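Each chain, written out:
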Amino acid sequence: MDPLHQFQINPLFQIVLGGYDVSFTNSALFMVVAVALIYALLVVGMANKSMVPGRLQSLAEVSYEFVAGLVRDNAGHDAKPYFPFVFSIFMFVLIGNMIGMIPYTFTFTSHIIVTFALAATVFVFVTILALLKHGLHFFSFFMPHGAPVALAPILIPIEVISYVMRPVSLSIRLFANMMAGHTMLKVFAGFTVLMISGLGALGFVTGLVPLAINVALTGFEFLVAFLQAYVFSILTCLYIRDALELH
Amino acid sequence: MPNLLAKGRLARWSGVAGVSLVTLTTMAGTVLAAAAEHAPDAAHGGEHASGGLPQLNPANFPTQIFWLALTFGVLYYLMSKKALPRVAEVLEARQERISRDLAKAAQLKEEAEAVLAQVEKSLAGARAEALTLIGQASAEIEANNQARQAALNADLSARLTAAEASIASAKEQAIANVRIASADIARDIASRLAGIDVDSAQAEAAVAAVIEERR
Chain G
0 MDPLHQFQIN PLFQIVLGGY DVSFTNSALF MVVAVALIYA LLVVGMANKS MVPGRLQSLA
60 EVSYEFVAGL VRDNAGHDAK PYFPFVFSIF MFVLIGNMIG MIPYTFTFTS HIIVTFALAA
120 TVFVFVTILA LLKHGLHFFS FFMPHGAPVA LAPILIPIEV ISYVMRPVSL SIRLFANMMA
180 GHTMLKVFAG FTVLMISGLG ALGFVTGLVP LAINVALTGF EFLVAFLQAY VFSILTCLYI
240 RDALELH
Chain E
0 MPNLLAKGRL ARWSGVAGVS LVTLTTMAGT VLAAAAEHAP DAAHGGEHAS GGLPQLNPAN
60 FPTQIFWLAL TFGVLYYLMS KKALPRVAEV LEARQERISR DLAKAAQLKE EAEAVLAQVE
120 KSLAGARAEA LTLIGQASAE IEANNQARQA ALNADLSARL TAAEASIASA KEQAIANVRI
180 ASADIARDIA SRLAGIDVDS AQAEAAVAAV IEERR
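Chains as they are written, first to last, in numbering that gives the first Met the number 0: chain G, 0 to 246; chain E, 0 to 214.
Heads up, none of these hints are tricks.
Below 30 Å or equal to it, Euclidean Cα-Cα: the simulated DSS-like pairs (lysine-lysine) are: (1) E:Lys120 with E:Lys108; (2) E:Lys80 with G:Lys132; (3) E:Lys103 with G:Lys48.
Not close to chain E: a few residues of chain G, all C-beta gaps over 12 Å, as computed: (4) Ser139; (5) Phe140; (6) Phe141; (7) Ala146; (8) Leu150; (9) Leu154; (10) Ile157; (11) Ala188; (12) Gly189; (13) Leu201; (14) Ile212; (15) Ala215; (16) Leu216; (17) Leu222; (18) Val230; (19) Asp241.
No lab work stands behind these hints, which were simulated from the structure alone.
Remember, predicted model here, so these are calculated numbers, not experimental data.
All C-beta atoms in this analysis are idealised placements derived from N, C-alpha and C, irrespective of residue type, glycine included.
Build the full structure now, drawing on both the sequences and the hints.
Put into structure tokens, the structure is as follows:
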């Protein structure tokens with residue numbers, strides 16, 4: 000009945016590496032499942048290499064072209080080499096979110112440490128990219144063009160903080176959305192169960208109300224699952240653009 | 000989407016992504032190990048399921064980060080090296096095929112238009128030729144008609160003249176006959192009534208005089 004029980008990490012195999020507990024957990028299992036699904040979609044889908052694509056090939060091509068368009072529109076044409084990175088991010092988050100919509104699975108994107116590690120990977124990637132591309136000139140990013148020099152003591156700390164906060168906002172947005180949605184589904188489902196056990200026959204009737212809400216919420220959650228993957232990748236693209244162009 | 004996965008750049012940026020992930024994992028691991036040491040209660044709380052949000056239990060952090068880095072790293076490798084180049088290849092081949100077909104269609108259209116122009120040109124030539132032939136024929140017919148008309152007219156006027164001549168000679172003849180008959184009648188009358196024998200020349204002169212007088 001605990002709506003947070005679904006977020007519990009359960010080790011499946013005990014593994015200890017260098018003093019750290021890195022057991023293969025339910026969360027790890029579904030990360031592996033997500034990677035396998037994505038790879039299967041692209042490899043099985045593109046197996047025929049048909050000139051006129053079938054269903055699975057269309058799906059693979061649509062996902063490719065969707066992310067390619069995303070990168071082109073938001074990160075610019077110079078961002079082509081980073082397309083596989085954005086594609087991996089998008090598919091990993093999307094499939095992670097979507098797997099979570101299946102009952103009895105585990106939503107690894109509802110864990111702040113996972114989303115934070117992903118967001119921080121983006122952050123480190125983008126920062127290294129900017130440093131490689133622009134060298135020390137990168138630090139001019141923190142002083143907006145045309146701003147009076149007198150404002151520098153205020154502007155630079157603000158810019159630095161907003162830059163450093165990027166992975167935080169990026170990760171919390173995804174984590175909070177996924178966790179809140181899944182908790183809400185569980186809470187409403189719990190209402191139905193409570194009504195049936197508490198009100199007996201009447202409970203079967205009144206229990207339909209939270210059930211109906213849950214049906215609507217499930218549809219809404221599918222939207223959120225897609226939207227959050229989209230937002231995560233779009234922001235990744237925008238950060239890449241910032242790194243390439245420095246405003 | 001040509002060159003989306005150009006080989007050299009891809010390898011370089013795979014390196015950057017890998018370095019990012021490894022750096023991050025190391026950093027996070029260090030921080031989290033420290034955090035876990037300072038929160039021994041939370042570290043064991045996960046087992047009891049009563050220690051608040053499972054997400055905030057630092058005991059889970061190393062395994063989560065480890066498996067995320069592993070799976071995402073594998074995913075990135077598979078996508079950039081295996082899966083995406085294959086998709087790009089198919090999309091490029093299709094694009095190539097489409098543009099080749101379009102070019103071929105344009106060429107065929109051009110050829111068809113050239114043939115059409117040829118046909119129209121020869122059609123116009125034939126039409127012009129037909130028009131001149133019709134013009135020639137009608138001029139010929141016109142000339143023919145005029146010739147025949149003229150011949151007919153000449154024939155008719157010749158016949159008219161001949162008829163008029165024969166009518167005139169008949170009239171002369173008739174008049175002459177009338178004179179002779181009148182002279183005979185006049186001689187006869189004169190001989191019977193007056194008993195005078197008038198010779199025929201005299202009678203004819205007299206008749207002629209009378210006719211001249213009455214005319």
